Amino acid sequence: MGRKLLLEHENVPGIAGLEVYRAKGGYRSVEKALRTMSPEAVVEEVKKSGLRGRGGAGFPTGMKWSFLAKPPGVPRYLVVNADESEPGTFKDRYLMERIPHLLIEGMITSSFALGANLAFIYIRGEYFYVSRILERAIDEARAAGWLGRNILGTGYDLEIHVQVGAGAYICGEETALLESLEGKRGNPRIKPPFPAVKGLYECPTVVNNVETIAAVVPIVNDGGEEYAKIGVGRSTGTKLISAGGNIRRPGVYEIELGVSCDEFINSDQWCGGVDGRAFKAVVPGGSSVPIVPYELFLRTAAGEPRLMTYESLSDGGFATGTMLGSGGFYAYNDAQCIVRSTWNHTRFYHHESCGQCSPCREGTGWMEKVLHRLEHGEGRREDIDLLWDIQRRIEGNTICPLGDAAAWPVASAIRHFRDEFEFHVRHPQKVKDPRHFEKEPFVRTPKPAAV
Amino acid sequence: MGATLKAVTTTEGVAPFAFSEAALAECRAIMARYPEGRTKSALIPILHIAQAGNDGWLSVPAMDAVAALMGIRPIEVYEVASFYSMFNLRPVGRHVLEICRTTPCMLRGGDALIAHAEKRLGIHVGETTKDGLFTLKAVECLGSCGTAPMLQCGAKYHEDLTPEAFDGLIEQLRSTALRSNYTDR
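Sequences listed follow chains B and U, in order.
The numbering used here applies: residue 1 is where the first sequence begins, and numbers increase by one.
The numbering used here applies: residue 1001 is where the second sequence begins, and numbers increase by one.
Hints may be right or wrong, so weigh each one.
If you want a taste of the chain B side facing chain U, the calculated C-beta under 7 angstroms gives, among others [to be verified]:
| hint | residue |
| --- | --- |
| 1 | Asn11 |
| 2 | Arg22 |
| 3 | Ala23 |
| 4 | Gly25 |
| 5 | Phe90 |
| 6 | Arg93 |
| 7 | Glu126 |
| 8 | Ala166 |
| 9 | Tyr201 |
| 10 | Glu254 |
| 11 | Asn344 |
| 12 | His345 |
No lab work stands behind these hints: they were computed from the structure.
Here the structure is a predicted model, which means the values were calculated and not measured.
Ideal Cβ positions, reconstructed from N, Cα and C, are used throughout, including at glycine.
All chains should be modelled from the sequences, with the hints used to inform the complete structure.
In structure tokens:
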């Protein structure tokens, strides 16, 4: 279970430069696609691969591409989402920093498939230094004839530009990203119309995550069927997981989808187990996915071993499952406080709410206040039900998924760790020390999940 | 977007602003990237350049200069500048230290690093030291969770920080005459 399609050459010296990248087989997918394939044939391979959007939503990429409207005389655009702001996620930064040409190559091949002659990488402003690395790679590629006019003499033209943002989680949502790219506030648009019909500059646009576009390279090189042989069921191929929190070996790992969760978190090939204490909880796919107790991460409610796949991680729905999400994985040891963590999550969403929809704008602030008082020993028993009520009224009632993303961490924390919230109400003096569980970990009373 | 500090919205007592020749050339090159009639797309990149040329913050004169250069209304600049957390709408120190406070960093000691920084610099989050050298900010996830705790200063990420490493960084920055900007190469 150790095949690497994206990070195979991650440790080769000089792989960030064109010469070494090319020597390791780089840009073969461009040669193959432009010289021997039609754009439709490339789309077909991506469909066959079963590749799903790696930014978090997991929507089939080939299907997304096939929705792209093609009115005659109207330009089409590819926009790469390098906004990577989901807490816990740092895989795209690693990929772009280490192997920038892999993204550029994937963009050329993908743009050819989509019929785009202008493509953008929208990268979060905090990654300014990474934007310089990408710009260097683009300059190298252009000088070598992989970009610009008449690429490989095939008559196909493409320009790629890097666009930096300026600090806003919401710009990872694809329509907010497009607004920002147009020089506006990052307020998500009402859908439909979807970007595939009306995207950048009101033209048909595909927005894909960095890792998704990088995966197009091995798919075109080896064929969609080969790619689909890796993985389990509808979770095909490999996935980059950025692992953090209280584990021994934090870092970015490329896994074949289908690795068992137990192996991933405990084996020395990946996370290497807990950092000297005991595991308490896991957030496997970025802060927006439900937090689950360690034992529910390892095994489903039915007692089956859980796997690192879209389906297995969500087995049991929100009652006992979670999501693969962006692959922003972080684990908690037993010194951590779930109430404190939930307060921190909620403060994040409140800070990042764009303010368009009242349930999100007001609800996240309200939840932050209630969680703050619970965590600081000033909570009331009815606060727990109040929190439950607020998150329920945010979910599903906003233009974009940020509202859901703010609701789920609160709902899952109460669902699985309600007794810890109650402890905060019962022992206000104890929880006033911010490290209240460091000396004396909280002991949960295991219970069947039911809320 | 949860702005915690009040923006300076006046021109009174605020230094005038003009782009340098090099900055102007860079702005024009950026504006040329986009399809005809779509140069407003250059607004955020140009605001970064303006901020770097204005002691690290966007004053009203700086934003008005951006509007004039791009041929858009000043309000179109103000509304964007006030939306994004990397744009400072009031003066800041020579080095802005942005410590990540979001959950994955918190699990690895982000809170303790913020507390240490406040003590070491003698200021609270959001404040600037009296000598004008350092502004301390607590920011949301910087995408560096595996190397937490960490901070950003200008274009640089400083990762796996211990209190000692933080103190070393402060000493090193103290002896740097140049301002730390996001746009640094």
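For each hint, the structure was consulted:
| no. | hint | verdict |
| --- | --- | --- |
| 1 | Asn11 | violated (16 angstroms) |
| 2 | Arg22 | violated (25 angstroms) |
| 3 | Ala23 | violated (27 angstroms) |
| 4 | Gly25 | violated (28 angstroms) |
| 5 | Phe90 | holds (4 angstroms) |
| 6 | Arg93 | holds (5 angstroms) |
| 7 | Glu126 | holds (5 angstroms) |
| 8 | Ala166 | holds (3 angstroms) |
| 9 | Tyr201 | holds (6 angstroms) |
| 10 | Glu254 | violated (14 angstroms) |
| 11 | Asn344 | holds (5 angstroms) |
| 12 | His345 | holds (6 angstroms) |
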